[in-house]
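Colleague: Given next are the chains, with one letter for each unit.
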Amino acid sequence: MTDYWSMLFVFVLATFIGLGVIRRVSRLLYTPLMSLTNAISAIAVVGSIVVAGADYPLTIRILGGVALFASMTNIVSGFLITDRMLKMFKKQ
Amino acid sequence: MTHAVAQLAAVLATALFIFSLHWMNDPKTARRGVAAGVTGMLVAVVATWIQPEIIHHGWVALAIVAGAAGALVAVVVTDRRLAAEMTRFLLPRSGVRIAVVTE
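Top line first, the protein sequences correspond to chains Y and L. Under the numbering used here, residues 1 to 92 are what the first sequence spells out, in order. Under the numbering used here, residues 1 to 103 are what the second sequence spells out, in order.
To be clear, the hints were calculated from the coordinates, so they are not data collected in a lab. Owing to the predicted nature of the structure, the values given are computational and were not obtained by experimental measurement. Ideal Cβ placement from N, Cα and C applies to all residues, glycine included. Please note that the accuracy of each hint is not assured.
For the chain L half of the interface with chain Y, some residues (derived, Cβ under 10 Å), not all of them [as the list claims (entries may be wrong)]:
| # | residue |
| --- | --- |
| 1 | L12 |
| 2 | R31 |
| 3 | W49 |
| 4 | I54 |
| 5 | H57 |
| 6 | W59 |
Working from the sequences, and respecting the hints, build out all of it.
Modeller: Below, the structure is given as structure tokens:
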């Protein structure tokens, strides 16, 4: 029960942090910001590492490996594409 | 002990992600924002991997290398023409928006 309350606490504080971080973003950077947010949201990779690497039956570990593969593509290409976008902006 | 490391790494990664988004607000610090995001992601992945529950290291390494290789191939293969088209598509729009706002 206490755990749920502390989770709610974290959720509310995180909402305010998110609002403060995003509020005054330069209009030029909307697209790179979305791309970066997508790359960061792949932090769910942590969960798939646990599922793929811990002592589970083989079927579950295969599914975890697929999830790990998918989030890894998201991470690597997300950061690379964001960086490339910023490079293109700099050229202009 | 390693669990304490994991907790510390989680706090560090969270802080790095928040700074990453914050630095993305300004074109001058945008590249630094990407670097902070990459660092935070590395910290989180390594701290999870060294946990004692993770015993099938080869399996994890295989999936990570395959995913990274796939993403690299996809990014490299993506045509430069596509990048040019994206610039042409993005920049006029943002220009129009700024013009509308300043009017």
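Colleague: Next, verify each hint and record whether it holds.
Modeller: Hint check:
no., hint, verdict
1, L12, "violated, 13 Å"
2, R31, "holds, 6 Å"
3, W49, "holds, 6 Å"
4, I54, "holds, 4 Å"
5, H57, "holds, 7 Å"
6, W59, "holds, 6 Å"
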